[in-house]
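Colleague: Below are the chains, spelled out letter by letter.
Protein chains: 4
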Amino acid sequence: MSRRFLALALILTLAAAAQSKPRARDLGVPFDGTPGPNNAITDVKGVEVGHTTLISGEGKLVVGKGPVRTGVTAIHPRGKASNDAVFAAWFTLNGNGEMTGTTWVEDSGFLNGPVMITNTHSVGVVRDAVIAWKVKHGGPDMEGYFWSLPVVAETWDGYLNDINGFHVRPEDAFHALDIAHTGAVEEGNVGGGTGMICNEFKGGIGTSSRVLDAKAGGYTVGVLVQCNYGARDQLRIAGINVGREIPEHTVFKEDIGSIIVIVATDAPLIPTQLKRIARKVSLGLGRNGSYSGDGSGDIFLAFSTANPGAVGPKSPHQLAMLPNDSLNPIFLATVQATEEAVINAMIAAETMKGVNDHEVIALPHDKLREVLKNHNRLAK
Amino acid sequence: MSRRFLALALILTLAAAAQSKPRARDLGVPFDGTPGPNNAITDVKGVEVGHTTLISGEGKLVVGKGPVRTGVTAIHPRGKASNDAVFAAWFTLNGNGEMTGTTWVEDSGFLNGPVMITNTHSVGVVRDAVIAWKVKHGGPDMEGYFWSLPVVAETWDGYLNDINGFHVRPEDAFHALDIAHTGAVEEGNVGGGTGMICNEFKGGIGTSSRVLDAKAGGYTVGVLVQCNYGARDQLRIAGINVGREIPEHTVFKEDIGSIIVIVATDAPLIPTQLKRIARKVSLGLGRNGSYSGDGSGDIFLAFSTANPGAVGPKSPHQLAMLPNDSLNPIFLATVQATEEAVINAMIAAETMKGVNDHEVIALPHDKLREVLKNHNRLAK
Amino acid sequence: MSRRFLALALILTLAAAAQSKPRARDLGVPFDGTPGPNNAITDVKGVEVGHTTLISGEGKLVVGKGPVRTGVTAIHPRGKASNDAVFAAWFTLNGNGEMTGTTWVEDSGFLNGPVMITNTHSVGVVRDAVIAWKVKHGGPDMEGYFWSLPVVAETWDGYLNDINGFHVRPEDAFHALDIAHTGAVEEGNVGGGTGMICNEFKGGIGTSSRVLDAKAGGYTVGVLVQCNYGARDQLRIAGINVGREIPEHTVFKEDIGSIIVIVATDAPLIPTQLKRIARKVSLGLGRNGSYSGDGSGDIFLAFSTANPGAVGPKSPHQLAMLPNDSLNPIFLATVQATEEAVINAMIAAETMKGVNDHEVIALPHDKLREVLKNHNRLAK
Amino acid sequence: MSRRFLALALILTLAAAAQSKPRARDLGVPFDGTPGPNNAITDVKGVEVGHTTLISGEGKLVVGKGPVRTGVTAIHPRGKASNDAVFAAWFTLNGNGEMTGTTWVEDSGFLNGPVMITNTHSVGVVRDAVIAWKVKHGGPDMEGYFWSLPVVAETWDGYLNDINGFHVRPEDAFHALDIAHTGAVEEGNVGGGTGMICNEFKGGIGTSSRVLDAKAGGYTVGVLVQCNYGARDQLRIAGINVGREIPEHTVFKEDIGSIIVIVATDAPLIPTQLKRIARKVSLGLGRNGSYSGDGSGDIFLAFSTANPGAVGPKSPHQLAMLPNDSLNPIFLATVQATEEAVINAMIAAETMKGVNDHEVIALPHDKLREVLKNHNRLAK
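Chains as they are written, first to last, in this note's numbering: chain A, 2 to 381; chain B, 2 to 381; chain C, 2 to 381; chain D, 2 to 381.
Be a bit skeptical, because a hint or two may be false.
If chains are identical, the list can't say which one is meant, so a pair holds when it fits in one copy or spans any two.
Think about it this way: if two alpha-carbon atoms lie no more than 30 Å apart in a straight line, the pair counts; the simulated DSS-like pairs of lysine-lysine are [claimed, not checked]:
1. K66 / K81
2. K61 / K137
3. K381 / K368
4. K22 / K81
5. K22 / K381
6. K354 / K137
7. K66 / K368
8. K22 / K374
9. K368 / K22
10. K354 / K368
11. K81 / K216
I should point out that these hints are in silico values taken from the structure, not numbers from a laboratory.
Generate coordinates for the entire structure from the input sequences, incorporating the hints supplied.
Modeller: Pasting the structure below:
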């Protein structure tokens, strides 16, 4: 029980910290495009994000005891109170990972319920917990069925976390689902991202958004990443090989991590179009230098909050759709917001010590500015 | 020139014949569901079908001279006068074949222009001919682009036809496009199906349709096949192993053919749903005993004529969509119409002699009735 | 605790019963091809199958109390002692279901560990249990990684089982993994199939196999299904519309179930080829009358036990591959064994009463024989 | 006839020029990794490349007369004399384009014959010409079939070329196939790339390669692009937004082009692995700033020249396969060589005037160096 209170206390502390912590733009990293008010996935109206962060213990690994550096992140596309599905699609750049529920997303074109992100060995418990949470919150879904196929993704945190201790419990998933909120999103060492490593710096949760100009429809595109991929020597920030100029304290010898990317938009897109959006995420990762290594689970999901009620009821209904040849600004926004969300994750994350005193350093803000300045790439 | 006149004369003759030839139902082959007035893909309003049939020469093969047993079939989803796209999707059960244009069908969700079917070695000439035909008929397409990516499919007729003689010419494609019509569709040894072989009987073009009852929306599902697949000993008609009970005059030792299946509907479906329709075609072929051999190009395309104007112009527009849980009657209709269209192709086709006096016999109607009767499967 | 003993007792009883129960062939249902000694997936050398069957309580549903009619089935491709992966691929005919782990199967071409099948709401617990079981049984997998992405599939048993009671526990998964064995496979109301319904008869687990003749390589193809799909009026057995001639005690109004199909072979196939095998499963279901309804999770996985060690270690190694144009006998065997495994599931399953006294009848053997006889389709 | 001579003369001139023209590295553009001796796709042993370049006429467009600025590029994976297939796979980043033959590449895992690249409206003529060329050069292919499904890709050159004049003829395809050679590859305004535009600079054909170190197996990865995509303001070279700093003479308002990317390697990879290689191409384009606009046909194909004879004959045969966890250096090489090949295309291409005196300028080498120098990104 006290474990839960600790988690809550940490969250509140981190949430407070989130207000004051600088983000990539604050440090002068240059990005294209116009972000929304929170520069977060929650800039897409209705989207709520909640984190359960589990941090306890230190020192030597005792499986089942800790140290624990993990958590769960929940994303409600239409808010926790809604039982309505959203059009969705997914794409895999490199498949060494898991995102449950995607077979039905692919075939139905809908995402029905929240998206959850956690560690690799806790996907199952979180998945069944989502069903239990749905059962607890009332009747069958809008499709009239009494079952569900939750979407739960993961990346691997075993370098810092006692991953084989299976510390995530159903209540941790409930908690993330229950406290999810609109507004600013906590980044870095929180939720599913707690124990993650990105380009051999401390990684975790990052987010960003873009608002299209009125001519392009004024739509918002928001991206949230759980960032756990990358080799230091490949890291590019604003096009500069920052990783090579900050070579200290590397962790791995090659790219063995993963990245989960969730793209939200209020643009009225059908699943065929959302699949294209999901695929463009790759280009944002390309800008940051990823080569998407064999051990990486690079799995992306895109959804549109437009067209409420599209999933049912049983008769043809009207929906809105943007023509394909209006998609370019959305494609570009997706690439830009992905590029920035990854950098935001590293900027927000703080140095962490985990199992067996493994330590992963945060990307040093001053050095980053210095490198960018040397290349005339500092925005301010 | 006279070759063309001959082709035209043949078409007129065949068209006349089409009126009087029995179809599978006329022979008492039992099928489920209710067909439309023509029991053809043209029961879907707007759909037009045209065949150019090329038959000339006989005896020994002289490459470039003949004998010629081939042709082109054209299907206009909204009629030849329309420049509007339809929602579409495709699926491959076995990929030893070609259907050009599918990369953009897949990614855009639209089919823009006609569907053409011809022999394997004439896909290219027909493809470029469709562009030439579009150029001739006016400006850029509704998407505002000045190029196009025609959909052209094929099966292989080299057992009867001088396929390496490349006898299909651009004018043959123009002709099929120009004479396409609504109403009854010629079946058997016509158009792209002229030289085809199905379950080692003479095959070719076949078609069928289903009309849903009012409760299911009253929609029509139409199927057209160019049928060139199958091993005799696997052929099932109405569930009965007819092929084994009519073992005479087989042609091949294994399933080396192909089948192209086009599904049309006026139900308001989005591409995600049409992809599911295309996939269900497999189940209709399963009913007829197919095992989809390695040499087979079993490629299916489904389109919906609902939602005119969905492709453009540049602003969000309204469209209609059937909920996923209303799709069952359409799935079932697809399976049923596929099952029947294949049998119709064999029933309509007539014994043909081609290159080097290769002969492929028609499915003997009387024997078929006899076999079905022996199994209490004759409808009348 | 006693619950577990009960389960075990049931299994032993059922296993004994399995010896004496007739299978479809024993009843004179005609099938093509030559089955292996067990006519089961275990005819592929190395494959082991284990079931945990959970049956307890009766009468009114009290969520969390029961009645319980569910279980877990485990399939070890190379036996439980092996830590070696197999080449594998998967395919979805209709996606309203879950099979975890498929993203990495798709991208790596390997299945690493067992295949598990359970009910829809217990996929998570079984998934994490497989990881725990692996952790308990020793070091990292052959790829050198310390994580895993288990393959767990499901169908929905909520008509007979207290599915929202989450009765499957990690120990149930361990048990199925531990007791898995070669030889005859229990069919019907066992393992994951315990509470399943097939064509509105009692369904569950079914299996079948084919042995190719020496000319085709002498390979074995084995199929195991968890059969929960189908509408009574579509059911075809041996091509005959048996469902319509046995119309009593139907359950649903449309096809809302699912089917999981696992195909094993010792033929040396690479993943590209196994994907084709998985796709051909559809044709076997087509023979049995499936139209793969919207609510169906029709998900198929195929693996090859040839090429041990193909997954590693780190240097190019030699493997065997069958040419594509030798695949026809394997395609056909897959279609045939799928057709038979589904019928075997229904023949083996017994009438079951579950939650709220819902009853689903077994396919009556005598009536089946009578119908087939009326159509001259009885083999003996 | 003289047209052909002109084409030949041009080729010889260009080939000579190719020796002396600087490439991106020569100008000091920094790239990672070690290229092969030609820094070209032909560094993969056996690969031959041939171009037919068609340039004639100037001034006002008269459809069918010109001006002509187009051509054909042929790539033989094992040299023009070989009739042996290679393992292959493909991927679409954005599907507004054509690559014929991919359905069988996908399902068989093999590429059988050359890869051709031309303009959008000449895909058909080139496709059928490849069959004619094969027919002329002897018997059935190694699979024993008498047909083929050529791979022909395209990008659109209608801004500079009389694309609706259909100027490419069968002989042009034959010519490219016949003159294909190993060694240095002509880049820029040649072959299929003649009339192409890349990031609103003159584009066309570009190539690059990487040789892995001995520890990684010493394999070679070669890339060839036909580059016709991109918006000026997105162009990044070596991570720098070069496009914005050279804003003069832009052509379009958005990204409406396309890019075909062919990846060759001698590493022993199976099709599943080659599909992953093809997908990684996206990351190279991401580095250069692509957002892969709606109008883009971004289609990639990867093949391996290892495992000669893998396609047949009819019995299991041995082949070599690299473990998945050895793929990282090949993934990275693919990303790097793609990045460089695109820049090489722009560096080699020269300012061109085409239909209606449309002019597209070459990327000015001096300005590029200046921009890179300003950002401390000049290698020499």
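Colleague: Does each hint fit the structure? Answer for all of them.
Modeller: Going down the list of hints, with the structure as the test:
1. In the homo-oligomer, the alpha carbons of K66 and K81 lie at most 30 Å apart only across protomers (28 Å), although the nearest pairing inside one protomer, at 32 Å, exceeds that limit.
2. In this assembly of identical chains, K61 and K137 lie within 30 Å of each other by CA distance solely across copies; the values are 19 Å between and 39 Å within a copy.
3. Both within a single protomer and between protomers do K381 and K368 lie at most 30 Å apart by alpha-carbon distance, with minima of 15 Å and 25 Å respectively.
4. Proximity of K22 and K81 under a CA criterion of 30 Å is satisfied intra-copy only: 27 Å inside one chain copy versus 51 Å between copies.
5. For the identical chains of this complex, K22 and K381 are intra-copy neighbours only, at 17 Å inside a copy versus 40 Å across copies, given an alpha-carbon limit of 30 Å.
6. Proximity of K354 and K137 under a CA criterion of 30 Å is satisfied inter-copy only: 26 Å between copies versus 37 Å inside one chain copy.
7. Neither within a single protomer nor between protomers do K66 and K368 lie at most 30 Å apart by alpha-carbon distance, with minima of 37 Å and 60 Å respectively.
8. In this assembly of identical chains, the alpha carbons of K22 and K374 lie at most 30 Å apart only when taken from the same copy (21 Å versus 34 Å across copies).
9. Only within a single protomer do K368 and K22 lie at most 30 Å apart by alpha-carbon distance; the minimum there is 17 Å, versus 40 Å between protomers.
10. For the identical chains of this complex, K354 and K368 are intra-copy neighbours only, at 21 Å inside a copy versus 48 Å across copies, given an alpha-carbon limit of 30 Å.
11. For the identical chains of this complex, K81 and K216 are neighbours neither inside a copy (32 Å) nor across copies (35 Å), given an alpha-carbon limit of 30 Å.
When each numbered hint is compared with the structure, violations occur for hints 7, 11.
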